[in-house]
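These protein sequences, in sequence, are chains A and B. Once you know that position 76 of the first sequence is 76 in the numbering used here, the rest is easy, because the numbers rise by one and skip nothing. Start counting at 1 in the second sequence, then tack on 152, and there's your number in the numbering used here.
You may find that some hints are simply not true.
[Unchecked claim] If you anchor each label on the Cβ, the simulated ranges turn out as follows:
#1 A:Arg55 with B:Asn190: 28 to 38 angstroms
#2 B:Asp375 with A:Pro25: 50 to 60 angstroms
#3 B:Pro403 with A:Ser63: 36 to 46 angstroms
The hints are simulated quantities; they were obtained by calculation from the structure and are not laboratory data. Idealized CB from N, CA, C, for every residue including glycine.
Spelled out from the first residue to the last, the chains are:
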Amino acid sequence: MMGSLGKSSWEKAGIISAILAVCLPYLIIKSWDINAMGAGDETAKSLGVNVERTRVISMVLVSLITASIICFTGTIGFVGLVAPHITRMVIGGDHRFLLPGSALVGALLLLGADTLARTILAPVILPVGIMTSFLGVPFFVYLFMKRRKVFW
Amino acid sequence: MVNITIKSLTFGYNGSMILDNLNLVVEDSEVLGLVGPNGSGKTTLIKCMDKILKPKGSILIDGRDIDTVSRTELAKRLGYVPQSSSTPLATTVFDTVLMGRRPHISWRVSDSDLDKVADILGLLHLEYLAMRDFSQLSGGQKQKVLIARALAQEPEVLLLDEPTSSLDMKHQLEVMETISSLVKEKKISAVMALHDLNLASMFVDKLAILKGGKIYAAGEPIDLLNAKNIRDVYGVEAVVMNNLDRPYIVPLRSLNEGVA
Chain A
1 MMGSLGKSSW EKAGIISAIL AVCLPYLIIK SWDINAMGAG DETAKSLGVN VERTRVISMV
61 LVSLITASII CFTGTIGFVG LVAPHITRMV IGGDHRFLLP GSALVGALLL LGADTLARTI
121 LAPVILPVGI MTSFLGVPFF VYLFMKRRKV FW
Chain B
153 MVNITIKSLT FGYNGSMILD NLNLVVEDSE VLGLVGPNGS GKTTLIKCMD KILKPKGSIL
213 IDGRDIDTVS RTELAKRLGY VPQSSSTPLA TTVFDTVLMG RRPHISWRVS DSDLDKVADI
273 LGLLHLEYLA MRDFSQLSGG QKQKVLIARA LAQEPEVLLL DEPTSSLDMK HQLEVMETIS
333 SLVKEKKISA VMALHDLNLA SMFVDKLAIL KGGKIYAAGE PIDLLNAKNI RDVYGVEAVV
393 MNNLDRPYIV PLRSLNEGVA
């Protein structure tokens, strides 16, 4: 049900890191294309982006990254929702910085949530998903109320 | 110096024809206006020219079929300016224009790219808007920013889709003046879909009238803008007057067959 970092090992972390190291550079290199696609397919095409190919490859890589993490940790909700939004609010919508920034913020968020989950009722270890939900649900409600008209 | 030749272009959605065996030539350093009623294929033609839509038939740019030219290569030669109202952008004006450098850069933005963007903003008198959010601009400002973005591609041909729609009188003139002075200064061509025949009459070198996906007539505005053509193409009775040696059209009433 609730994912946790309790069963992690250096071996598993290594596999995830390797997959990330292969996929993330492609997405960062394609940042300009992803920026252009944010302005609509027509605009992106007119700026020379091969929209269909970029979209399919990005989706496959993103699915691969997500799946490989989930299969070792189980589902830990809200990190993927909160991290990119916080990053976007701070540094804006340029994917050249947004993609690595979101990865960093997401990692810090999970680390913080896991640390809290392990210490708050020590020696009982709470599932980390509960901690991320504490942050994520109010944030989600806030986004829903405040930023409904802004795109993404 | 560029030549675009369009040969027997045909395009349709689900059986309904939008472009029907259309032929057209765009030559050096001219402003070509595409006019015609709603649904006559103006916008579709422009999108086909920029490979946004894939039609049947061929479009040759300097003798090369655009199907054999990569998108990036094409983006260095043709700059597309969409209608401002249909463009969502959540970024600053400077970054919007910088996006136009995309065909020339891979990831890193060099100082010369930034200089070029700054120059173009200066050329269109948009410096004071550089750090504003695109979404907060007025219609006229948005249109100019989108023209600036297309210019950042350093194209030989600008393709504009109704650049004056939803603008007031002054901004319509400003945008058209901007385009025609750019064409002269930078020795580029412009192809634009237009609704306002009087704006077309004032600013275009050549006119192509579209009707039902075909070129009804092409040539100088002064030869084409007459009461007969307007009746045949638009179904509107109009008086054509002379304004500074340019035809000036005053529409009188629509001619609905079957209505007394």
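Hints, one by one, checked against the model:
no., hint, verdict
1, A:Arg55 with B:Asn190: 28 to 38 angstroms, "holds (31 angstroms)"
2, B:Asp375 with A:Pro25: 50 to 60 angstroms, "holds (58 angstroms)"
3, B:Pro403 with A:Ser63: 36 to 46 angstroms, "violated (56 angstroms)"
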